[in-house]
Amino acid sequence: MGQSTVSPQEAQGQIGSAAPVAGAVPDGDCLLSVENLQVEFNTKRGHFRAVDGVSWSVNRGETLALVGESGCGKSVSALSVMRLLPRPAASIVGGRILFDGCDLLAESESGMRHRRGRDMSMIFQDPMTSLNPVLTIGDQITEPLRNHLGLSDQQARQRAVELLEMVGINEMERRLDQYPHQFSGGMRQRVMIAIGLACNPRLIIADEPTTALDVTIQAQILEMMRDLTRRLGITLVIITHNLGIVARYADRVAVMYAGRIVEQGPADRIFRAPRHPYTRGLLRSVPRLDRVRGALLETIEGYPPNLYEKHRGCHFAARCELVTDLCRNTAPSLLAYEGHEVACHLSDRGLPADSKPVLAGGERELARSDVLLEVVNLNKHFGGAGKGLFSVATALHAVKDVSFTIKRGETLGLVGESGCGKTTVGRMILKLESASSGDIRFDGESLITASAARIRDLRQRIQVIFQDPYASLNPRMTMGETLLEPLTQCLDLSPKAAQDRVHELIDQVGLLRDVKDRYPHQMSGGQRQRIGIARALAFGPDLIVCDEPVSALDVSIQGQIINLLAGIQAKLGVSYLFIAHDLAVVRHISHRVIVMYRGKVVESADCDRLYEEARHPYTRALLASAPVPDPQIERARQGQILQGEVGSVFSSQQGCLFANRCPMATTECHHINPPLEEIAASHFAACIHHPAVVNQRGSAS
Amino acid sequence: MIRYALGRIALMIPTLLGIALITFVMIRIVPGDVVELKMRSDGGRVTQQQINDERTRLGLDKPLPEQFYLWMKGLVTFDFGNSMWTGRPVAQEIGGRIGLSIQVAIMAALVAVLIAVPLGTIAALFRDSPIDYLIRIITIAGLAVPSFWLGMIIILVLLTFFKWSPPVTYVSILEDPVKNMSQLIWPSLAVGYRYAAVVARMIRSSIIEVMQEDYIRTARAKGVGEFMVVFKHAMRNALLPAITIIGLEFAFLIGGLVVTEQVFNLNGIGRLFVDAVIRNDFILIQTIVFLLAIIFVSVNLVVDLVYGFLDPRTRM
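Those protein sequence lines, which keep their order, are chains S and A.
Per the numbering used here, the first sequence starts with residue 1, numbered consecutively.
Per the numbering used here, the second sequence starts with residue 1001, numbered consecutively.
Derived from the structure by calculation, the hints contain no laboratory data.
Everything numeric in this text was worked out from a predicted model, so none of it was measured.
A couple of the hints might just be wrong.
Partial pick of chain A residues on the chain S-facing surface, computed with a CB cut under 7 Å [claimed, not checked]:
hint	residue
1	Thr1218
2	Lys1222
3	Phe1252
4	Arg1313
Quick reminder that beta carbons are idealized off the backbone N, C-alpha and C, glycines included.
Could you build the full structure based on these sequences and the hints that come with them?
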């Protein structure tokens, strides 16, 4: 970081006179420009270059989105701007970062400290861990005000009250004295934004600001951020992997892959006419709400390169379908091309037209006739921990009268936001949790009354795939051992037969057989999840409960896993209970979909019907909240943002549980508990106003 | 908070009752009793009749449940009985010595915390630097060196190099603070070193962990200076696990006094305890164990309350 100090004037002059680095195209009104940034990491595993000659810039008042998958260097390049890279592991080895003409890399540490929080703020991904648990919210918001602006405690508190009001938190005075654990995730992110806005910075960098939040809350937070930054004239850099968010909020986009920018330019152009095969693949592999089910998702095959190894050519070469020898040997530089910049040797050749791969045998229409799983009026109460010694325990009614059936070879999508009870339903079917009342019948046999020995047998036929493929694999066991264990322990296979079965399973999930000697930390997220699937398949189950199986994975990998699951179903006729919060993912794999809200089923229908003719206001709100990766659709859409939060699960509320957030709620709704009615053939909705809910999503469907 | 504390105090009763019962039974499983020891060791000829009379006088002939009941009844009414060996009231035997022991324990704890917090913090902040290695060597030595050995070395060093030995008779700190301190500082150091080593290592690892938390990055992103990042944002969080260790070790310390008091020739509760065990002085053993149990449980209660004070998440 030993660059010579460059005065603002000189720096401006340099940029103005000649563009020293391809890619940096600072206009006159450029606030921040990153030029040829290089960041290296030294870790125990070795040495790698996380950011390799990256240049991007953002103009005053503009919103730039840095897009890419995990490990592509988008967060690292943003943290470099704040000079907050983890030390001593990471070091900036080259490039310049010009903020309002000043080279931030030449700035002293104390100079940077004065800028952080005053000139530029950062909002981080996980609001649950980004606030200090032992300090009050008030203290945390006022800290930069007292540090940077020298406000007195009284003035700072006054300003904090204003800030909380700005970010939509009520009862400001009382809330200031509370601690982070007394806030919900969405509220904590609002607090983070309040901290970011405190000193009226010129730049806010938001690193995956809504990834940890529910869809409806995500929409609220993003709308609020956009309104506030526009109103206050703040320049915004959003880092995200969600192309829908980019389409809705960004003016300009920079797409990163394995430490380099592959394409950047105005959002409209990038979405309409992507020139880089990676951008193109990414856009195609996003599961979309506005695309019908049936076809396989397009995916980018393979995995991102291992940056610990040296790569001479284009980092994307190994996964690119257009790859040439030139790509393998020479890294392409970022060159201007029709209003935006692309780093691809073949950018002038054009990309092949959209092709829609379909599953061999066309639409998966298995004989979905006989019922495999029947859930009847399932309920679950959790005994809430009583406060203190003598108080009465409060019960949490997590699942309320849930009923559904799954046929053989069918996929049932179970959708809802966190805390809606969807995972608890899955756990009860797996008998990891006992039901409070109701019945679960598997292949005609009640799981509730079955003996423990019988349940052990049935467990082989009901398997599970978990959300976090890393946490659910034993770190001390190789993949081979993980897969072998159930085969030798429960099926009494001979070592030879078991070994063959392991190979068969590994083939089935599309991995190479040598993975069986690897440990979980030696594999990527997608590969681990494939092992998770192989393990679930080991017994040849009839039903697999998939609990958010792709939500921890990158977009291009998500598609691969969904296709794999669909292919396995087509081949083996296994049924899935597919639990997810992402409606778009569910649409791609499910035959029927159930939407849950606060423990109750609010709507259920055949898949396409639900997406086209949702009749419950909550389902509609969910659909409206999830942004679609297409700027035109997003711009055309009126803001239908669901207000409020889910609310306490402990409160025993009268009437419809959704009434307090529902845009259509009337007084009746607060008194009548709406029954789940069949409003059309096999389409159920629990809303007394369902006839009035008409399709308003015309533009997107 | 108060309700929580009351609840915890209520839960102490069954714990202490259990400890009392186990102690009571354990010392009576060992063959022999104080009467035989006292009379036979005198060397004189004793008749069985005399032994039986003495047992009756001490209440040792009563059935065990009744003995236990009488002891419990005594405890509740603060009548702890008389030592079976000296015949003096137990309260007096303990009362005269407990002050010294508690003072050594508290001073050792203070020494430990005063050394451990800065040492652990510095080691964490300069992780993997020569300073860190030095501190780690010092602390690992503290774990490896037994405190009685360290005590002997301290005395030897004082004698050989300074031609000085600490005073032998105990004076209360209220009477003569200088003399009191010059006697008790050495055992406190000897015991406190190990204590400091344990706590410093805990603080080091806990600061290292906390410094990687997201909220530390948030604090830096707000432009908080590095000093405040460590002392305001990291320290309070890092102290939470350390406090549990400080509490547990404090209780451990009281037990460890048995050895230390021998080395420094201090007439404290540890000494008394050893004598009581040698003499099979049931009443005295029981009462001391029970007292230590009360201290142990109370210290842990205090730790939990402090924890609640530092960590709002555990507050009711």
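Have a go at the Thr1218 of chain A hint: is there a Cβ in chain S nearer than 7 Å to its own Cβ? Because about 5 Å separates Thr1218 of chain A from the closest Cβ in chain S, which is inside the 7 Å limit, the hint holds.
Does Arg1313 of chain A pass the interface hint, meaning its C-beta sits closer than 7 Å to a C-beta of chain S? holds, 5 Å
Verify the interface restraint on Lys1222 of chain A: the C-beta must sit less than 7 Å from at least one C-beta of chain S. OK, holds: Lys1222 of chain A within 7 Å of chain S, min 4 Å.
Minimum Cβ distance from Phe1252 of chain A to chain S below 7 Å? violated, 27 Å
Hint violations for this structure: number 3 only, all remaining hints satisfied.
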